[in-house]
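Chemist: Listed below, chain by chain, are the residues.
2 protein chains.
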Amino acid sequence: MQDFFTPKSIAVIGASKEENKVGHIIFKNLYKTFKTFAVNLNTKEILGEKAYPSVKKIKEKIDLAIIAIPAEFVLQAVQQCGEHDIKHIIIVSSGFKEIGNERLEYELSKLLTKYNIKSIGPNCLGVFDAHSALDSLFLPQEKLTRPKAGGISFISQSGAVGSAVLDLLAGENVGFAKFISYGNGTNISETELLEYLGKDKQTKVICMYIEGVKEGKKFMDIAKKINKPIIVIKGGKTEQGAKAAMSHTGSLAGSYDIYKGAFKQSKIIIADSLDEMFHIAKLFEKLQTPKGKRIQVITNGGGYGILTIDALGLNNLQLAQMSSTSHAFLKHHVPKLVIISNPMDLVGDVTNERYGLALNICAKDKNIDILLVVVLHQTPLINKQITEVFRKVQGGKPIIVISTGGTTTKEISATLENINIPVFEFPEEAVHAIKKWLDYYN
Amino acid sequence: MQDFFTPKSIAVIGASKEENKVGHIIFKNLYKTFKTFAVNLNTKEILGEKAYPSVKKIKEKIDLAIIAIPAEFVLQAVQQCGEHDIKHIIIVSSGFKEIGNERLEYELSKLLTKYNIKSIGPNCLGVFDAHSALDSLFLPQEKLTRPKAGGISFISQSGAVGSAVLDLLAGENVGFAKFISYGNGTNISETELLEYLGKDKQTKVICMYIEGVKEGKKFMDIAKKINKPIIVIKGGKTEQGAKAAMSHTGSLAGSYDIYKGAFKQSKIIIADSLDEMFHIAKLFEKLQTPKGKRIQVITNGGGYGILTIDALGLNNLQLAQMSSTSHAFLKHHVPKLVIISNPMDLVGDVTNERYGLALNICAKDKNIDILLVVVLHQTPLINKQITEVFRKVQGGKPIIVISTGGTTTKEISATLENINIPVFEFPEEAVHAIKKWLDYYN
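Chains as they are written, first to last, in the working numbering: chain A, 76 to 517; chain B, 76 to 517.
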């Protein structure tokens, strides 16, 4: 399936001169990065590049075809791809099963099998690979900002869920590997995509939005064998939701309890909301496997420390108890008002240096596995250089930060995330994600 | 207590020439808006204004004194305020009970009683009134952006919780009335503040962060009588959290189950997280009381519609079933692919006009009470003018929007919130807030 993501040559069937057309946007997104051929019956040139009336007129080998033409012409295009020995096709066109056109979908499926073609779609956004810049998303950059390269891959049965989330996360510091919107999944299903991403070197963690799974047992068997975290959010959890899923993708959503049971058996992490899915994914993307589960909370705001400890307790997570050596050392080196406990309250007059001291002592303490650090940048004596303090902490223990605030806070949080320290806005959302992250290592 | 928020004259005791000093920041925040007197023994002039060696040297009547000097000098300053007939004092200075200085706190309390002075603090940020611009917060604007004026008031036992949340919400479209950080609550407790905000005309909804309540029964009695929503987040819900609260504000956190029971009896809404508190508050601030609870979901993304319906079902909220007249009308006026159900899926080629049609039909339908509208701005045929479509919907029914995305989305969401349409980023957080908002009207 590698040719879907790093093809040496691409044909865009339906490439168009008209700026608002799907075929134009796709061609424009690709032709400067990849060897890309425009295919269009009615024009000779697009963006200064020659246009071909058919793929059959292209003399070179084509690794990937992207089809963006009305449904009624898709079969003919696929046939020509088959005859021209193109083995990978993304079909973004809609107008198949999802509008009741079962017959056309069946014919398409037969044709793909006949020519032994692997195909994503139809009725989908296709593929975005943040590393190779392969991009079949037909939404312009100003509508949908592309996220930066990283380790999270996302398979979405719903194009809208995919594009909205991609656009949101592009503005945050979340790194993507591959995004795949597979639409009707006529030829390649969620199961094959999951299997592929399980082996993909750039993918550290797999996120999925699914309404239904076609081959349940196979899907779960493959999930079980994949040695990476898989996080799923399921659409159609309730009766009304399942009914809506039926009209949306024709998915038989099935009983959510049965899905949940199967997910758990396959070590699949169940996200209860879209934002939770990416909170959990962020921890896996940025952090190494923790050596243990004892968490030390450090804070510069008493109330935030308490809310964090509350959330840890309510989620049955384990509080670290620092060694007496660390305790004695800190007692000697920090002002009397600092509360050396769990939470450790560095209090409102905390400086960058005091944070550094606390972080480094905890990072070395053998009784502590994870540092959960509240930094409220509103307090007067800390500043942007605190990111350097975090960067210099040694010991390889996971550090997770909680910071709430406006422009200054968001800027500092971005810097921290760029050095692989995940930052959350609120104690409770951080702890919920940590809970599911740690449960995975059970 | 009105003089804490709209005093005619203010004395800042400890006003300073030095830019980083607490007394300088407070004086600077006030002197252009209020008749403000600087009090400082060691200087003659601050920011071009005359400085007085003591409040007793000020010839005019002072409504409010703000004390920002070291703890050991606070008693003397309070004494002088008493002798000068100043009846309202905010003491931001720390160094009292919270560091074990019980004796000084006791003396302070006695002195305040002797002169019949009402006092907020010590060990607090004091007050911010977004309507009058009264501002004793000693954090400069670049550390803590002040939110715009609106209907949410927030009482916080923790200064850090208060300032972090204020800074965050300033960047969003949340309107504040009064923020009060009351610190040790030596003279005025959470109970009196609650009672005052219950009567305050600018306050539509009251949020509170509390670790402990001093006079439990009185607090609950007053809460019961207040005819406005009160939303509380409690610090110290777990044993470890309660222990931390003891070190933080000396609060006896008490059993959370007992608090929860009492809160429920008093019609207090319990928030499970800081962000949830402000999500719920936003609904109360921006919306009128709904006439009923039947919710119609409208969407342009199938998956988002399903996740929203799922969340409503899991929270036992009621789905509307539109009238047959509306159904027939829509069937006649929208493309065949639109799914006229609950959710109503306007599908990916939706235009502003189609949204307008769906919104207006639902706004008039007698079987529908609340419109919950997913708008994913990534789809190609809608644009920023969609805010006008929303503005023109008549019928007075609550409209709540869910939009996920980057810069463009955030910009449109801000416009919608400015016309009192609350916007959420994800289906699940919207529905959790709606659940608690509707439960209040039971």
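Think of the hints as simulated: they come from the structure by calculation, not from any bench.
Possibly wrong hints are sitting among the right ones.
Intra- or inter-copy, both count: the list cannot distinguish identical chains.
[What the hints assert, rightly or not] Each computed DMTMM-like pair below joins lysine to aspartate or glutamate, with the alpha-carbon atoms no more than 20 Å apart:
(1) Lys411 to Glu147
(2) Lys441 to Glu270
(3) Lys459 to Glu217
(4) Lys289 to Asp332
(5) Lys510 to Glu314
(6) Lys292 to Asp78
(7) Lys485 to Glu247
(8) Lys485 to Glu500
(9) Lys411 to Glu177
(10) Lys136 to Glu93
(11) Lys318 to Glu135
Note that the coordinates shown come from a computational prediction; the quantities given were computed from them, not determined experimentally.
Chemist: Next, verify each hint and record whether it holds.
Modeler: Hint-by-hint comparison with the structure:
1. Lys411 to Glu147: between (77 Å within a copy, 18 Å between copies)
2. Lys441 to Glu270: For lysine 441 and glutamate 270, the Cα distance exceeds 20 Å both inside one copy (38 Å) and across copies (50 Å).
3. Lys459 to Glu217: This pair counts as between: shortest inter-copy Cα distance 12 Å, intra-copy 31 Å.
4. Lys289 to Asp332: Within. Shortest intra-copy distance 17 Å satisfies the 20 Å Cα cut-off; inter-copy 45 Å does not.
5. Lys510 to Glu314: between (28 Å within a copy, 19 Å between copies)
6. Lys292 to Asp78: The answer is neither: 27 Å in one copy and 70 Å across copies each exceed 20 Å.
7. Lys485 to Glu247: Classified as both; 9 Å inside a copy, 13 Å across copies.
8. Lys485 to Glu500: both (9 Å within a copy, 17 Å between copies)
9. Lys411 to Glu177: Intra 74 Å, inter 16 Å, cutoff 20 Å: inter-copy only.
10. Lys136 to Glu93: Neither. Shortest intra-copy (27 Å) and inter-copy (73 Å) distances fail the 20 Å Cα cut-off.
11. Lys318 to Glu135: neither (47 Å within a copy, 72 Å between copies)
In this structure, the hints that do not hold are numbers 2, 6, 10, 11, in rising order.
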